[in-house]
Amino acid sequence: MVQFALLSLASLLLASACATPASPQYPTDSDSPVTIKEGWSYIDCGTPGFSVQLDSIVVSPDPPQPGQNLTVTAKGTVSETIKEGAYADVTVKLGLIKLLHKQFDVCEEARNANVSITCPVEPGTYTIDQTVALPKEIPRAKFGVEIRAYTVDEEELLCLNLKVDFMKKPFFHL
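What the sequence shown shows, in mature numbering (1 follows the signal peptide of the UniProt record, and there is no 0), is residues -19 to -1, 1 to 155, in sequence order.
If you're looking for bench data, these hints aren't it; they were derived computationally from the structure.
Treat the hints with caution; some may be incorrect.
[Said to hold, decoys possible] For lysine-lysine, the following BS3-like pairs were computed, each having C-alpha atoms within a straight-line distance of at most 25 Å:
#1 Lys117 - Lys64
#2 Lys144 - Lys83
#3 Lys64 - Lys79
[Stated by the list, open to error] For each label pair, taking beta carbons as the anchor points, the in silico distance ranges come out as:
#4 Thr99 - Asp146: 31 to 39 Å
#5 Thr108 - Gln49: 16 to 24 Å
#6 Thr62 - Lys117: 14 to 22 Å
#7 Pro116 - Asp43: 32 to 40 Å
#8 Thr72 - Arg121: 29 to 37 Å
#9 Pro42 - Leu80: 31 to 39 Å
Note that CB positions come from ideal geometry on N, CA and C, so glycine has one too.
Construct all of the structure, not just a fragment, from the sequences and the given hints.
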């Protein structure tokens, strides 16, 4: 169930073919922006030459909560047509332990998620809103998700590292 939930989130982000920073940003040694939110963070590890330039990812609720719907709004720009056969390698880790490694067909995931864009994805700016149900069985733990996407011609499309902390509990006002 944990793997399904994180893969759902990861594949949703990939299916959207667009995403990253939303505030605040901190420079790192590699000059990649790091976005830190309440219960999750991400690093756009791509370069300006990648076909997908990520602008923002916003999730609600923030932090994500097991057993609740998670709405993801991703914004970004596609600079080259994304054709059938584009794929993503997704690795889910718990600390240093690799829980899962799976390859996804980006276009197939977009079709299955019923997102508003389909392959071929023409150059342009896109905003994708998608809601997924997170299983309540997700354990209270911190997970890492590494996403590396490639075109059908094996050119780099997207690089994204996510950290999701399911140990955080939402703040309730009494």
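To see whether the hints hold, each was checked on the structure:
no. : hint                       : verdict
1   : Lys117 - Lys64             : violated (35 Å)
2   : Lys144 - Lys83             : holds (17 Å)
3   : Lys64 - Lys79              : violated (30 Å)
4   : Thr99 - Asp146: 31 to 39 Å : holds (33 Å)
5   : Thr108 - Gln49: 16 to 24 Å : holds (22 Å)
6   : Thr62 - Lys117: 14 to 22 Å : violated (40 Å)
7   : Pro116 - Asp43: 32 to 40 Å : violated (18 Å)
8   : Thr72 - Arg121: 29 to 37 Å : violated (21 Å)
9   : Pro42 - Leu80: 31 to 39 Å  : violated (23 Å)
In this structure, the hints that do not hold are numbers 1, 3, 6, 7, 8 and 9, in rising order.
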